[in-house]
Each structure stands twice: as C-alpha cells, then as structure tokens.
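J.: Here are the chains, one letter per residue:
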Amino acid sequence: EPEVTQTPSHQVTQMGQEVILRCVPISNHLYFYWYRQILGQKVEFLVSFYNNEISEKSEIFDDQFSVERPDGSNFTLKIRSTKLEDSAMYFCASSQMGSGGSYNEQFFGPGTRLTVL
Amino acid sequence: KNEVEQSPQNLTAQEGEFITINCSYSVGISALHWLQQHPGGGIVSLFMLSSGKKKHGRLIATINIQEKHSSLHITASHPRDSAVYICAVRPNNDMRFGAGTRLTVKP
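One line per chain: the protein sequences are A and D, in this order.
Just so you know, the numbering used here puts the end of the first sequence at 117, numbered straight through with nothing missing.
Just so you know, the numbering used here puts the end of the second sequence at 224, numbered straight through with nothing missing.
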C-alpha cells in the first residue's frame with residue numbers, strides 16, 4: 001500500500017541553525033501539507049501546497065519557514081534559523097485533491113521529531 | 118475559544134464497551150476528519166465526512182452539519198483501540214484540530 005515517508009525520523013540541531021525536513025508524498029497525490037505537534041499539545045496546521053505554490057498557510061508559518069517541491073517526488077520544509085520553540089514533531093501529509101474534491105482524504109507520514117538545543 | 122472542541126478529554130473503558138467521542142466545531146467546513154494517533158506518535162486517518170454517516174469495521178462516524186457536531190463510535194471496544202482520537206475540520210485548504218480524546222480500553 002502506498003505511504004507517505006519522512007526523513008529523518010529524528011533531527012537534533014543547535015538554535016540558530018537551518019534544518020530541512022524531507023517528505024515523499026504518495027506518487028499520484030497533488031496536495032501536500034505540513035503540520036506540527038509540540039509535545040503534549042494539539043496538532044497545528046502549518047501550510048498547504050498545490051501546483052508548486054502555497055495554497056494556504058497559518059500564522060505560525062512565518063518568514064523563517066519555507067516549503068519546496070525540488071523534484072517530482074520530494075516535498076521539503078525548511079526552517080531557516082531554528083528557535084527552541086520549534087522543537088516539535090513535524091508531520092507531512094498528502095491528498096489526491098484539495099478541500100473541494102471527493103478524494104481529499106489526507107495520508108500522514110510518520111513524522112520527524114525536531115529537537116532544538 | 119477553541120474552534121474544535123472534543124469531549125471527553127480522557128476516556129477509560131472495559132473491553133467490549135461501546136465508546137462515543139464527540140466533536141463540536143464553530144467554523145464553516147468542507148469536511149471533517151477523524152484521526153487516530155498511536156502512542157508512538159503516528160497519525161492514521163479513520164474517516165473523512167462531509168455529511169451523514171460512515172462505517173468501517175467496528176468504527177462509525179456521524180456528522181450533523183446544521184448542528185456542527187460529529188461523533189465517533191467504537192463498538193465492541195478492544196485494548197488495541199487504545200489511542201488518542203482527534204477530530205479535525207477543514208474550512209478550506211487548512212485544517213483545525215481538536216485537542217484529542219485519550220482512550221484507554223482495559224482487558
């Protein structure tokens with residue numbers, strides 16, 4: 001069964017460093033998403049991406065964040081200058097369609113745990 | 118005020134019991150999702166609803182769009198159902214999440 005994959009599973013970085021979290025969505029999916037979950041808190045939406053551009057983003061997704069689909073398979077989240085409060089689990093998800101379509105069930109990756117020291 | 122409210126926050130049941138988890142939301146939506154988060158952190162999509170009722174195995178999800186309310190039911194609960202169940206709504210191409218209901222099913 002096709003699945004969303006994420007690498008690395010755990011990333012430790014120093015405050016101020018740049019990190020890139022990688023995701024490989026399901027191959028025929030067109031919409032991609034990043035979410036984060038700070039330990040003990042609820043999941044939060046960061047950004048949705050379609051047709052090589054951001055479709056929607058939350059208040060959390062400020063200038064230190066960026067997303068890219070550098071090739072036909074990867075979808076990346078870059079955090080330019082990490083802060084302690086960026087420590088969280090980051091989930092990637094993908095769906096065939098967006099909110100208006102019937103095939104908009106989202107499939108989640110296993111997550112990347114980011115620890116900022 | 119949270120846009121997505123779930124109840125109860127925590128639920129402990131005996132194996133075999135019928136479980137109901139409730140979700141109320143305050144925004145207009147195109148769809149509502151029920152998700153399951155395992156102790157290891159992984160998230161699995163259980164249902165996506167825009168109206169009516171869906172059933173998958175022992176799980177049933179219903180939604181009342183007029184009342185902005187959804188329920189997730191588990192029949193004949195089993196210890197392997199122990200997880201956090203999350204309600205999430207989609208106003209557009211974003212997603213708003215509830216805080217989750219932690220379910221523990223004891224043998």
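Honestly, the hints are just simulated from the structure, not real lab data.
Careful, some of the hints might be misleading.
Capping the alpha-carbon separation at 25 angstroms, the derived lysine to aspartate or glutamate pairs in DMTMM-like fashion look like this [stated by the list, open to error]:
#1 A:Lys57 - D:Glu134
#2 D:Lys171 - A:Glu3
#3 A:Lys78 - D:Asp211
#4 A:Lys57 - A:Glu3
#5 A:Lys42 - D:Asp211
#6 D:Lys172 - A:Asp63
#7 D:Lys185 - A:Glu3
#8 D:Lys185 - A:Glu44
#9 A:Lys78 - A:Asp63
#10 D:Lys170 - A:Glu56
#11 D:Lys171 - A:Glu53
#12 A:Lys78 - D:Glu184
#13 A:Lys57 - A:Glu1
#14 D:Lys172 - A:Glu56
#15 A:Lys42 - D:Glu122
Simulated restraints, written as ranges between beta carbons of each label pair [what the hints assert, rightly or not]:
#16 A:Ser73 - D:Thr129: 31 to 37 angstroms
#17 A:Ser73 - D:Ala193: 25 to 31 angstroms
#18 D:Ser143 - A:Arg22: 22 to 28 angstroms
#19 A:Leu117 - D:Gly169: 31 to 37 angstroms
Quick caveat: nothing in here was measured; it's all calculated off a predicted structure.
Even for Gly, the Cβ is constructed at its ideal location relative to N, Cα and C.
J.: Of the numbered hints stated previously, which ones are contradicted by the structure, given in increasing order?
T.: Structure breaks hints 1, 6, 7, 10, 11, 12, 13, 14, 16, 17, 18 and 19.
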